[in-house]
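Student: Protein sequences, first through last, are from chains H and G. Numbering-wise, the first sequence is residues 1 to 397 according to the working numbering. Numbering-wise, the second sequence is residues 1001 to 1397 according to the working numbering.
Note that these hints are calculated values from the structure, not bench results. One thing to keep in mind: the hints can contain errors.
[Said to hold, decoys possible] Below, a list of computed lysine-lysine pairs in the BS3-like style, where the Cα atoms sit at most 30 Å apart:
1. H:K293 with H:K338
2. G:K1359 with H:K394
3. H:K359 with G:K1113
4. H:K338 with H:K359
5. G:K1082 with H:K394
6. G:K1176 with H:K3
7. H:K359 with G:K1082
8. G:K1037 with G:K1082
9. G:K1113 with H:K11
10. G:K1237 with G:K1336
11. H:K46 with G:K1237
12. H:K8 with G:K1176
13. G:K1030 with H:K46
[Said to hold, decoys possible] Computed footprint of chain H on chain G; a stretch qualifies when at least three of its residues, placed anywhere within it, have a C-beta under 8 Å from a C-beta of chain H:
14. 1018-1031
15. 1037-1048
16. 1224-1232
17. 1317-1329
18. 1340-1350
Yeah, the Cβ is synthetic: ideal placement off N, Cα and C, and Gly gets one too.
Protein chains: 2
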Amino acid sequence: MIKDLIIKNNKKIVMLVADGLGGIPYIDDKTELEYAKKENIDNLAKISMLGLIEPVSPGISPGSGPAHLSLFGYNPLENEIKRGVLEALGIGLELKDGDIAIRGNFATIKDNKIIDRRAGRINTEESHKLIDYLSENIKKIEDVEIIWGKGVEHRFVIVLRGENLGDNLNDTDPQKEGLEPLPLIANDEYSKKTAKILNKLIEISKELLKDQEKANYILLRGISKKPNIETFYERYKMKALALANYPMYKGLCKLIGMETVELGMDFDALIDFYLKNYENYDFIYIHYKWTDKKGEDGDFYGKVKEIEKLDSYIPKILQKEPDVFVFTGDHSTPSKLKAHSWHPVPILIYSKEGCFYDKNAKFTERDCLRGYLGIRKSYEVFQIILALAGKLEKYGA
Amino acid sequence: MIKDLIIKNNKKIVMLVADGLGGIPYIDDKTELEYAKKENIDNLAKISMLGLIEPVSPGISPGSGPAHLSLFGYNPLENEIKRGVLEALGIGLELKDGDIAIRGNFATIKDNKIIDRRAGRINTEESHKLIDYLSENIKKIEDVEIIWGKGVEHRFVIVLRGENLGDNLNDTDPQKEGLEPLPLIANDEYSKKTAKILNKLIEISKELLKDQEKANYILLRGISKKPNIETFYERYKMKALALANYPMYKGLCKLIGMETVELGMDFDALIDFYLKNYENYDFIYIHYKWTDKKGEDGDFYGKVKEIEKLDSYIPKILQKEPDVFVFTGDHSTPSKLKAHSWHPVPILIYSKEGCFYDKNAKFTERDCLRGYLGIRKSYEVFQIILALAGKLEKYGA
């Protein structure tokens, strides 16, 4: 329905996403947002709409992939991105239409029984050397190109690039030690070629690794094809720029056709690029990773500091006077829990027109709970963002 | 599901709808409802349930048609009313099953190119004379009755009444000047007769209008059949009366089988009729148009006054002691925005039994946001209204 109502106009939307922003009461019974001194955000909150967003469904802790899709208005349950593809995006591998991505593990095998599913968690350096060795020796099987991607410790990624490759196959990892690897079986006609290629790949790599003490076998999981997701432009008729330091976020944004830039790990570089290129886009997404990192470390004060640091960037971002400015997180990462959680995420939407504000509000979980937007799905709130930017026609007469 | 749970009883529901009631902060950071002195409504709010309703979907600004369907418990996305039908209802034309309604524009054509899609926005009087002339000369084409309806300026409505008429046809209006009118093509077998009749109609009217300076052609849009919507009685086993001054609202209510009365443009006449005929109905809907009009004019104080005026009718309406009384709007029309908007609409539901009230509440957007009903779809809240009137059986054992 939304697609039929879209109006192309020159209004601009900027969305700043602090990863893992939401929290729960911890030090002094406060959340990180309640504890932080963040004058710019709190001043903005007084003239903005506040609310709480749920990325997927109540009680569900989302990964960053589905959480971000939801922020961009895609129902993550209808737009699934499978494990292999997410892993490939996560290490910065680019995927083309038709590509198959697979998560691999180095494992230890003896008498055809898996005795260690993670090859003793071999160190990353050693693992990368093995990937160099394998990728030099296995570049193509039949007409299919084999692309190897390095991961952390025993983890790596394989991408198959070729014609007619299906992804309806099981994992070879039996998820338990002492068992044989599972035979790779195509569950449909279309996936038979993929099975054949991968069985060969397993065989050849086994031969190449046979003298390794620990990492003498590879297990394959999450065999999945690049999904066919409608692009952001197809849906909303907005030219979009994604500014992120970490590869997974850029990869995800590329999947839906946003433009991305390689600016390294410096957040200032993102903001500089934003300031210089603002005029060229209708929608700009800016990602701040460090709030999530501190949350996962259980570092309450660290997360508070990251929020305060991010607050100092707000005036620079608002210099451009976007018609709609959104500040939120993709999901919550309460430092008390040291992990992604299901807790709804505070959101602030400022717009020049159409705001229902509360002059007494601050940008905290508690004030957002009482905010005008209520508790909603992230992807539904995107409709409200579109409405505020005048990008939705009236429905019916 | 609801239909299976319906209990027919003698409880009565009265629903007063102030068109475009909802607002956003504007003068003194207040909404129209916050600014208005409305003692009766505010007193009632202290013993009623409050909430906010969304007619269609978050961020969607609805037309009055879908917004009203939603108020009556119909999901507007599952019960679409197309353009031509709404236009016909809007000017008070009655539609029968199988009728095709079409919105027409007078246009200026030269050498078969449209040089003005609105015939220089000819004045309404002149337009009405032309419709008289056309309707005298075109009453029937083959076995199909042609009914002409007068509109404002260049606009008019045509209704086709006959057998086997489909509505799967394009508009003839190319939406741009300098182009030829689009040929009318049936997109399915069933719409071929409609195409044939309308092509003849265009030809004959062109001949009849050939000496007109401006309005020498007719363009057709929104060709649509009267939809097949379940009646209010079929769904809820309630005999319903619709009291409205404006034709569109009456037309819409007729579509779902409510009784309507012709009482002119005087709101007092509606209330008098209500008081005299209250006993004969299970459900009475009363429509107040002027809040929306002032909102669309951007007249904050005007809208405030209309709310205060409507407040003065409350005691009269409550004289009859309905079992459930609902006060709400169909959609928001903030005077700050001068248009229908997506903002959720405040709703008050008073019932003799089963209310969860807050003695400190007033009937404002802010208090409704904190109200017991939360933010919900209009059509879902109708289920709660039915429940309060004891019209829903327990679900399951």
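Student: Next, verify each hint and record whether it holds.
Tutor: Outcome of the hint check:
{"no.": "1", "hint": "H:K293 with H:K338", "in the structure": "holds, 9 Å"}
{"no.": "2", "hint": "G:K1359 with H:K394", "in the structure": "violated, 37 Å"}
{"no.": "3", "hint": "H:K359 with G:K1113", "in the structure": "violated, 56 Å"}
{"no.": "4", "hint": "H:K338 with H:K359", "in the structure": "violated, 33 Å"}
{"no.": "5", "hint": "G:K1082 with H:K394", "in the structure": "holds, 13 Å"}
{"no.": "6", "hint": "G:K1176 with H:K3", "in the structure": "holds, 23 Å"}
{"no.": "7", "hint": "H:K359 with G:K1082", "in the structure": "violated, 42 Å"}
{"no.": "8", "hint": "G:K1037 with G:K1082", "in the structure": "violated, 39 Å"}
{"no.": "9", "hint": "G:K1113 with H:K11", "in the structure": "violated, 35 Å"}
{"no.": "10", "hint": "G:K1237 with G:K1336", "in the structure": "violated, 41 Å"}
{"no.": "11", "hint": "H:K46 with G:K1237", "in the structure": "violated, 48 Å"}
{"no.": "12", "hint": "H:K8 with G:K1176", "in the structure": "holds, 18 Å"}
{"no.": "13", "hint": "G:K1030 with H:K46", "in the structure": "holds, 14 Å"}
{"no.": "14", "hint": "1018-1031", "in the structure": "holds (count 3)"}
{"no.": "15", "hint": "1037-1048", "in the structure": "violated (count 0)"}
{"no.": "16", "hint": "1224-1232", "in the structure": "violated (count 0)"}
{"no.": "17", "hint": "1317-1329", "in the structure": "violated (count 0)"}
{"no.": "18", "hint": "1340-1350", "in the structure": "holds (count 4)"}
Consistency with the previously given hints fails for numbers 2, 3, 4, 7, 8, 9, 10, 11, 15, 16 and 17, ordered from lowest to highest.
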